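There are 2 protein chains.
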Amino acid sequence: MATESGRKAVVLVSGGLDSATVLGIAKAEGFDCHAISFDYGQRHRHELVAAERVCEAAGVARHIVCPIDLRAFGGSALTDEIDVPKDRSDDEMEAGIPVTYVPARNTIFLSLALGWAETLGATDLFIGVNAVDYSGYPDCRPEFVAAFQQVANLGTKVGVEGEAWTIHTPLVSLTKAEIIRRGTELGVDYGLTLSCYDPDEHGRPCGKCDSCLLRAKGFAEAGLVDPLVG
Amino acid sequence: MATESGRKAVVLVSGGLDSATVLGIAKAEGFDCHAISFDYGQRHRHELVAAERVCEAAGVARHIVCPIDLRAFGGSALTDEIDVPKDRSDDEMEAGIPVTYVPARNTIFLSLALGWAETLGATDLFIGVNAVDYSGYPDCRPEFVAAFQQVANLGTKVGVEGEAWTIHTPLVSLTKAEIIRRGTELGVDYGLTLSCYDPDEHGRPCGKCDSCLLRAKGFAEAGLVDPLVG
Chain A
0 MATESGRKAV VLVSGGLDSA TVLGIAKAEG FDCHAISFDY GQRHRHELVA
50 AERVCEAAGV ARHIVCPIDL RAFGGSALTD EIDVPKDRSD DEMEAGIPVT
100 YVPARNTIFL SLALGWAETL GATDLFIGVN AVDYSGYPDC RPEFVAAFQQ
150 VANLGTKVGV EGEAWTIHTP LVSLTKAEII RRGTELGVDY GLTLSCYDPD
200 EHGRPCGKCD SCLLRAKGFA EAGLVDPLVG
Chain B
0 MATESGRKAV VLVSGGLDSA TVLGIAKAEG FDCHAISFDY GQRHRHELVA
50 AERVCEAAGV ARHIVCPIDL RAFGGSALTD EIDVPKDRSD DEMEAGIPVT
100 YVPARNTIFL SLALGWAETL GATDLFIGVN AVDYSGYPDC RPEFVAAFQQ
150 VANLGTKVGV EGEAWTIHTP LVSLTKAEII RRGTELGVDY GLTLSCYDPD
200 EHGRPCGKCD SCLLRAKGFA EAGLVDPLVG
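First to last, the sequence lines map onto chains A and B.
Take the first sequence: its letters are residues 0 to 229, numbered as in numbering that gives the first Met the number 0.
Take the second sequence: its letters are residues 0 to 229, numbered as in numbering that gives the first Met the number 0.
In case anyone wonders, no lab produced these hints; they're calculated from the structure.
Since copy identity is lost for identical chains, a pair holds within one copy or between any two.
Below, in silico cross-link-like pairs of lysine-lysine (DSS-like), each with a Cα-Cα straight-line distance of 27 angstroms or less:
(1) K85 to K156
(2) K216 to K85
(3) K207 to K156
(4) K156 to K7
(5) K85 to K207
Bear in mind that the values here come from a model prediction, so they are computed numbers and not experimental data.
Turn these sequences into a full structure, and let the hints steer you where they fit.
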């Protein structure tokens, strides 16, 4: 692991497997990590509890939970009362944009992270978008992230004053198995994370939603046991 | 005034003179206007009261106030306890980025407006940015808006499915006097608006902050009387 450079970065942490890995990577690159999570009226609160556990284990400089009331907008399985799809095949999961799509979600999350980063004097953001296993989300693609980086450079004081923003997407071209292997090498404890869209009242994964199925497939392909279910 | 085309647009309405004019323009262009305001921990609540008045007078289809807690970020006179500058000269106002700059504010506001617009089935956003009188704000410039439009096209479901977003900035190259003349032609009642950064407890303008000074100069140049002070 690299020594601490003291350079600050803002890391988007959801409590899931991907963002826990990103946090591990940002730390390993020597960044002084400031974590931000979003309370956007999720169907379940277990995700934010997992984010808190992940940030504590990583020893972040600070972790804030930013409230956003997106429920007034409607339009997504994560915030509405639409049923989370279960036991879908790979083909079904790969067909088009998932019903769990939240309008402009990563744009909103990155914008808030950008605002916080600017007040912290940071110009590095880390986000766990992935264009391999979840290609259905338009706001997980490299071209979207590049466009947002341009917005950051043109729309902030530090950007205009000549500092360039970097939006790090270390997982963007990794498979779920590669993400899990990378995190495991870095000592990320996946037992603290939660990927499920529809956990039970104790926060245990359902094992049947798209996110649980992708996670199970990833651990299987990595030849590792998921501490959450193993 | 054009007839209603029924095409929906989301209009960012702050309660100030500029956004009231933008709403008048969007209406005149035949859009079915959906207004969004932001409760971002403003120092005073009079701004949101003015937004409500302006939206009611314009007969918008819907007006939502979206809460955002930016106070956790710090860094601006509009949300912090920094004193609002008073009685500054034109040269002082034009020197660099104002202390009233809020990190990534328009990026955050546009992102939330984008999310709401997508759930409404709208692909037109209206925002009252102006690069003439307030050139100090990086996120009021045309190049910033163009970059954000690119984010919208790449980061949303409708954008990916082939619909192009349009971010309308009808005021971007108008002087304050031109804005006031245009709004007056369209019947905008500026007596309902509030521009002041530091109104008294009854919501009356201080007459001395940058925003009051620019407004007074605008009315004077337009040869019109401000109904708020006239």
